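Given only the sequences and the hints, what does the whole structure look like? Please build it.
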Amino acid sequence: MPTLDPVIWFFVLGLVAGVARADLRLPSAIYDFVSTLLLLAIGLKGGVELARDGGGLPLPELGGILLLGFLLPLPAYAAARGIGRLGRADAASLAAHYGSVSVGTYAVVIGHLATRGIEFEARAPVWVVLLEVPAIVAGILLARGLSGKLAWGRLLRELFLGRSIVLLLGGLAIGWVAGPDGTASIQPLFFDLFKGILALFLLEMGLIAAAQLPTLRRHGVFIVAFGLLAPLVFAVAGALLGRALGLSPGGVTVLATLAASASYIAAPAAIRTAVPEANPALSLTASLAVTFPFNIIVGIPLYERLAAALAG
Amino acid sequence: MEQFPRRLLTIVTEAALERELISEFDALGVRGYTISDARGKGGRGRRQSDWAQQGNIRIEIVCDPALAERVAARLRVRYYDHYAMILFMQDVDVLRPEKF
Numbered sequence: 001m002p003t004l005d006p007v008i009w010f011f012v013l014g015l016v017a018g019v020a021r022a023d024l025r026l027p028s029a030i031y032d033f034v035s036t037l038l039l040l041a042i043g044l045k046g047g048v049e050l051a052r053d054g055g056g057l058p059l060p061e062l063g064g065i066l067l068l069g070f071l072l073p074l075p076a077y078a079a080a081r082g083i084g085r086l087g088r089a090d091a092a093s094l095a096a097h098y099g100s101v102s103v104g105t106y107a108v109v110i111g112h113l114a115t116r117g118i119e120f121e122a123r124a125p126v127w128v129v130l131l132e133v134p135a136i137v138a139g140i141l142l143a144r145g146l147s148g149k150l151a152w153g154r155l156l157r158e159l160f161l162g163r164s165i166v167l168l169l170g171g172l173a174i175g176w177v178a179g180p181d182g183t184a185s186i187q188p189l190f191f192d193l194f195k196g197i198l199a200l201f202l203l204e205m206g207l208i209a210a211a212q213l214p215t216l217r218r219h220g221v222f223i224v225a226f227g228l229l230a231p232l233v234f235a236v237a238g239a240l241l242g243r244a245l246g247l248s249p250g251g252v253t254v255l256a257t258l259a260a261s262a263s264y265i266a267a268p269a270a271i272r273t274a275v276p277e278a279n280p281a282l283s284l285t286a287s288l289a290v291t292f293p294f295n296i297i298v299g300i301p302l303y304e305r306l307a308a309a310l311a312g
Numbered sequence: 313m314e315q316f317p318r319r320l321l322t323i324v325t326e327a328a329l330e331r332e333l334i335s336e337f338d339a340l341g342v343r344g345y346t347i348s349d350a351r352g353k354g355g356r357g358r359r360q361s362d363w364a365q366q367g368n369i370r371i372e373i374v375c376d377p378a379l380a381e382r383v384a385a386r387l388r389v390r391y392y393d394h395y396a397m398i399l400f401m402q403d404v405d406v407l408r409p410e411k412f
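So the sequence lines, in the order shown, correspond to chains A and B.
66 is the number that the numbering used here gives to position 66 of the first sequence; each next residue is one higher, with no gaps.
Numbering-wise, the numbering used here comes out as the position in the second sequence, counting from 1, plus 312.
Rather than coming from a laboratory, the hints here were simulated on the basis of the structure.
Treat the hints with caution; some may be incorrect.
As the list claims (entries may be wrong) - Some chain B residues judged to face chain A by a derived CB distance under 10 angstroms, without partners named: (1) F316; (2) T322; (3) Y345; (4) D349; (5) Q366; (6) G367; (7) D393.
Stated by the list, open to error - Away from chain A, derived, C-beta distances all over 12 angstroms, residues of chain B: (8) L320; (9) R370; (10) E381; (11) R390; (12) A396; (13) I398; (14) L399; (15) R408; (16) P409; (17) E410; (18) K411.
Treat the numbers as computed from the prediction; the structure is a model and nothing was measured.
Virtual Cβ for every residue (Gly too), placed ideally from N, Cα, C.
Next comes the structure, spelled out in structure tokens:
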């Protein structure tokens, strides 16, 4: 039996406690605090590595990853319409969620790679930022069409000023400006405690996923099948792109995981106001109760093997 | 002590709508409101406040009856179809009428 990273057991604990309706509820302030720490730590770590190694973001990488974000929703939308027989708004919402990314899943994959001693590109947090927004825009376009009456200015402002982007880019900038020596004083909180913070985050995610399970039963087989198959297909797309861009095997694993992950923060919030007729529980349940657990328990080790196989 | 009658409008809805509703209130001329996190159960299932994504908020507005009607009408037209939202009104008395 492959050894599971201990942080994953915290997710399982939260899930089991939630299903059993145990007396366990973390205040929302704790969730906010823990996720803020994670986002800043991820950004800082990337920034420090960038300051150490130098190097920017190659243009083909920027374009390729943005394009991936725009294109991933299309097959998801087609599958949801054609196979799942979902309405236009629900299919578009699902497509937006699955094209966008989950920072929680990203935190788990970099923790996994660190444990395994596998290096990856320091600029990886930038990929998260690049992949978060395009799919949400694509999803809204799929639902509304180009002519739809929508306050795009406000929507884009809210998307780009969302918590995850601000904290990731902010952390990246601080890490880059301060460098390895400058960040030494904050190292204990952000770097040494990373895995512990991740464990707390995953405990909460387990509780949140468990709360979605009753909804899952109502939405039936398609949502479960979609939640399991979409990440596998998207991971291959992400891995192939990573390989084509010449990323390291660690980088290919990260990009495959990001493509496989589904949003449960930025996309639900944006879609809720931009596509109000979509059923919010449908996409969120698939993302939280099916795809997130699948990716962190089964998916990430698979994507690592895929990346190794592609590297030959 | 003299008291002045006003209407208290209470709205319980999805936290996701907070920003949008605030701009509606500003546009309608609401001078003040109080927003708090809430949780409970209703027609769209159990809603928890421990995770902001799915939480509810409770908005309280004290204003004159005409404005309360305008706000209620606006919310009913724009949000009732697709969002979890309830709204109710009560008579209240205030001490400083110029504030409301």
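Here's how the hints hold up against the structure:
Nearest Cβ of chain A to the Cβ of F316/B: about 36 angstroms, over the 10 angstroms cut. The hint is violated. Interface hint status for T322/B: violated, as the beta-carbon distance to the closest one in chain A is roughly 22 angstroms, over 10 angstroms. Hint status for Y345/B relative to chain A: violated, with the closest Cβ pair at about 19 angstroms, above 10 angstroms. Residue-level restraint check for D349/B holds (minimum Cβ-Cβ distance to chain A is 7 angstroms; threshold 10 angstroms).
With a least beta-carbon distance of about 8 angstroms to chain A, the hint placing Q366/B at the interface is held under the 10 angstroms criterion. Using the Cβ-Cβ criterion of 10 angstroms, the hint placing G367/B at the interface with chain A is satisfied: the shortest such distance is roughly 7 angstroms. The interface hint given for D393/B holds, since its Cβ lies 8 angstroms from the closest Cβ of chain A, which is under the 10 angstroms cut-off. Every beta carbon of chain A lies more than 12 angstroms from that of L320/B, the smallest distance being close to 26 angstroms; the non-interface claim holds.
With a least beta-carbon separation of about 15 angstroms from chain A, R370/B lies farther than 12 angstroms from that chain, consistent with its non-interface assignment. For E381/B, the non-interface assignment is confirmed: its Cβ lies about 24 angstroms from the closest Cβ of chain A, beyond the 12 angstroms cut-off. For R390/B, the shortest C-beta to C-beta distance to chain A comes to about 9 angstroms, within the 12 angstroms cut-off, and the non-interface label is violated. At the 12 angstroms boundary, the C-beta of A396/B falls inside the reach of chain A, the nearest C-beta of that chain being 9 angstroms off.
Residue-level check passed: I398/B sits 17 angstroms from the nearest beta carbon of chain A, beyond 12 angstroms. Look at L399/B: its CB is around 17 angstroms from the nearest CB on chain A, clear of 12 angstroms, so calling it non-interface holds up. At roughly 33 angstroms, the least C-beta separation between R408/B and chain A is larger than 12 angstroms, which holds for a residue marked as non-interface. Interface exclusion of P409/B from chain A stands, the closest Cβ pair being 35 angstroms apart, more than 12 angstroms.
Distance check on E410/B: its Cβ is at least 33 angstroms (rounded) from any Cβ of chain A, clearing the 12 angstroms threshold; non-interface status holds. Distance check for K411/B against chain A: the nearest CB is about 30 angstroms away, which clears 12 angstroms, and the non-interface claim stands.
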